[in-house]
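Student: Can you make the complete structure from the sequences, with help from the hints?
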Amino acid sequence: MKTLTPSLRRFAIVAILLTFSFRIALSTLLWSRDYNFVMPIAILFAVLMFIAGRYYGQKDQAYLPIFDIGFRFHLVTFLQFNLVSFAWQLFGNPSVHEPIRILYWTLTYWGLVLACHFYYYRQVKKSTIKDIHRDDLFE
1 MKTLTPSLRR FAIVAILLTF SFRIALSTLL WSRDYNFVMP IAILFAVLMF
51 IAGRYYGQKD QAYLPIFDIG FRFHLVTFLQ FNLVSFAWQL FGNPSVHEPI
101 RILYWTLTYW GLVLACHFYY YRQVKKSTIK DIHRDDLFE
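The opening position of the sequence shown corresponds to residue 1 in the numbering used here, with each subsequent residue numbered one higher.
Just to be clear, a hint being listed does not mean it is correct.
Distance windows between CB atoms, simulated [what the hints assert, rightly or not]:
no. : residue 1 : residue 2 : range
1   : Ala42     : Pro6      : 26 to 34 Å
2   : Lys126    : Ile24     : 37 to 45 Å
3   : Gly92     : Phe37     : 15 to 23 Å
4   : Tyr35     : Thr106    : 17 to 25 Å
5   : Met39     : Pro6      : 33 to 41 Å
What the hints contain is simulated information worked out from the structure, not anything from laboratory work. Just so you know, these numbers come straight off a predicted model, no measurement behind them. Here a beta-carbon is modelled for each residue, glycine too, at the ideal position from N, C-alpha and C.
Tutor: In structure tokens form, the structure reads like this:
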């Protein structure tokens with residue numbers, strides 16, 4: 001089964017670019033103490049990530065009709081966001097208002113949500129045959 005599809009790879013590249021842009025914008029705003037723009041930038045980042053995931057997810061569905069309820073995209077987003085964020089903390093120029101403990105909390109809470117998603121994914125996968133939904137297979 002091919003799980004790393006071209007659409008998923010393209011999404012990962014877009015997500016990495018968006019996350020780096022978000023980290024740069026966030027640190028710049030925090031360094032300059034423009035706190036009023038932090039929340040709009042975070043919301044814009046979330047909306048752009050959702051749009052990218054939706055777009056590439058639909059392309060992925062057309063390329064490879066597997067039934068995975070978006071878990072692969074969620075996992076890729078989780079991994080790349082945390083890798084980029086920790087790399088930014090270690091090698092970038094984080095603001096003094098970006099303590100690493102915030103990343104630990106983000107990793108913990110998002111990891112719990114991802115674990116719930118994985119559990120749901122495994123439950124749904126039981127109703128598929130080779131990742132294709134039974135209703136689609138026997139139409």
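Student: Report the numbers of all earlier hints that the structure fails to satisfy, in ascending order.
Tutor: When the structure is compared with the hints, none of them turns out to be violated.
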